[in-house]
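Peer 1: Sequence:
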Amino acid sequence: MALARELYRHRQFGWLIMGGTCGPLVLLFVLLPHATGRASEVLPQALVPALFGLGVCLVLLFGALEVCVTTDALEWRFGVGLIRGRVPLADITAIKAVRTRVANGWGIRRTARGWLYNVSGFDALEVEQKSGKVVLIGTNDLHTLRQALAHAIDHYSS
0 MALARELYRH
10 RQFGWLIMGG
20 TCGPLVLLFV
30 LLPHATGRAS
40 EVLPQALVPA
50 LFGLGVCLVL
60 LFGALEVCVT
70 TDALEWRFGV
80 GLIRGRVPLA
90 DITAIKAVRT
100 RVANGWGIRR
110 TARGWLYNVS
120 GFDALEVEQK
130 SGKVVLIGTN
140 DLHTLRQALA
150 HAIDHYSS
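Per numbering that gives the first Met the number 0, the very first residue in the sequence shown carries number 0; after that it's consecutive.
Derived by calculation from the structure, the hints in this document are not laboratory data. Cβ coordinates follow ideal geometry from the N, Cα and C atoms, glycine included. A hint or two may mislead.
[Said to hold, decoys possible] Cβ-Cβ distance ranges computed for the label pairs, FRET-style:
1. 48 to 156: 43 to 51 angstroms
2. 79 to 128: 25 to 33 angstroms
3. 140 to 46: 22 to 30 angstroms
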């Protein structure tokens, strides 16, 4: 069996996720030592490193989304790759460009259409599978991703 050849790869960073997670934690880390009175009692200083560590973990897990199209499958992974997904090309029955809503949010979400994997923006590629399941892959490179996946399906799915 031949190894899958990579046809497309794109990594999108979730700057709002990163800033929204780390920004407040950095402010807390910097400002808490200078707090006086009641403000210094609200959050024990021992908790600050734990919250900062949690923020770093969230950024490592959800700070980016990498999408790859190979001669075998559509694959995606969040952050450092602990959270990932894969749909074999042979299982894909339809793809289409869609727009998600603000209410769908970012991250991993169950929507009315199917599971959404997104780190930023509202453009997504809707991928329908033979089983009837649908996944939506958020991207800021929708046109190129759609072209690459359509090409892969036409030439490599069996």
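Peer 1: A separate judgement is required for each hint: does it hold in the structure or not?
Peer 2: So, going through the hints one by one against the coordinates:
no.	hint	result
1	48 to 156: 43 to 51 angstroms	holds (49 angstroms)
2	79 to 128: 25 to 33 angstroms	holds (26 angstroms)
3	140 to 46: 22 to 30 angstroms	violated (39 angstroms)
Violated hints amount to a single one, hint 3; each of the other numbered hints is respected by the structure.
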